[in-house]
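J.: The letter at position 21 of the sequence shown is residue 159 when you use the numbering used here, and the numbering goes up by one with no holes.
Please keep in mind that the hints were generated in silico from the structure rather than gathered at the bench.
Don't be surprised by glycine CBs; every beta carbon is placed ideally from N, CA and C.
Incorrect hints may have been included.
[Stated by the list, open to error] BS3-like cross-link-like pairs, simulated, lysine-lysine; straight-line CA separation at most 30 angstroms:
1. 230 <-> 200
2. 228 <-> 203
3. 162 <-> 228
4. 228 <-> 157
5. 203 <-> 230
6. 200 <-> 228
[As the list claims (entries may be wrong)] Pairwise CB distance ranges (calculated):
7. 215 <-> 168: 27 to 35 angstroms
8. 195 <-> 220: 17 to 25 angstroms
9. 234 <-> 177: 33 to 41 angstroms
10. 220 <-> 140: 34 to 42 angstroms
11. 155 <-> 223: 18 to 26 angstroms
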Amino acid sequence: MFSVISAIFPTPAVCGIPKELSLKMIEQTEIFDRGLFSGIIGWFNADDYGEFFVTIRSALVKGNKLYAYAGCGILESSDPNEEFEETQLKLKPILSLFDYAVKS
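Using the sequences and the hints, build the whole thing.
T.: Okay, structure coming up:
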């Protein structure tokens with residue numbers, strides 16, 4: 139099961155295609171830690187039956203701070219402003235969970 143997970147993760151939506159070249163480029167060009175941006179969560183049993191899901195949005199509460207993670211797929215034709223707006227939209231469901239806490 140671990141070899142299957144290794145083969146499919148990170149997915150093209152997370153790092154690009156081809157995977158090895160994309161991962162190398164990300165490591166060389168990004169100046170920040172992606173943190174909890176993505177992962178894989180699931181389970182499997184002794185009969186190699188299981189279910190797995192790719193997590194593409196997440197949040198971490200540490201002390202009295204919230205760190206929310208989301209991203210976008212960048213293509214040659216991407217518009218940076220549109221990608222930024224899309225990322226902001228992706229964060230809304232996570233951030234809305236804390237609206238009451240912030241207003242209180």
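J.: Compare the structure with each hint and give your call.
T.: Status of each hint after checking the structure:
Restraint check for residue 230 and residue 200: satisfied, since their Cα atoms lie roughly 19 angstroms apart, inside the 30 angstroms limit. Under the criterion of a C-alpha separation no larger than 30 angstroms, the hint pairing residue 228 with residue 203 is consistent with the structure, at around 19 angstroms. Distance check on the hinted pair: residue 162 and residue 228 sit about 26 angstroms apart at the alpha-carbon level, within 30 angstroms; holds. With a C-alpha separation of about 24 angstroms, the suggested pairing of residue 228 with residue 157 holds against the 30 angstroms cut-off.
Of the supplied pair hints, the one linking residue 203 and residue 230 holds, its CA atoms being roughly 17 angstroms apart against a limit of 30 angstroms. In summary, the hint linking residue 200 to residue 228 is supported, as the alpha carbons are separated by about 21 angstroms, within the 30 angstroms threshold. Evaluation of the 27 to 35 angstroms hint for residue 215 and residue 168 yields a failure: the beta carbon distance comes to about 21 angstroms. Judged by the Cβ atoms, the range 17 to 25 angstroms given for residue 195 and residue 220 holds: they are separated by roughly 18 angstroms.
Between residue 234 and residue 177 the CB atoms are about 22 angstroms apart, so this pair departs from the stated range of 33 to 41 angstroms. Against the hinted window of 34 to 42 angstroms, the Cβ-Cβ separation of residue 220 and residue 140 comes to about 38 angstroms, which satisfies the hint. Against the hinted window of 18 to 26 angstroms, the Cβ-Cβ separation of residue 155 and residue 223 comes to about 25 angstroms, which satisfies the hint.
Violated hints, listed in ascending order, are 7 and 9; each of the other numbered hints is respected by the structure.
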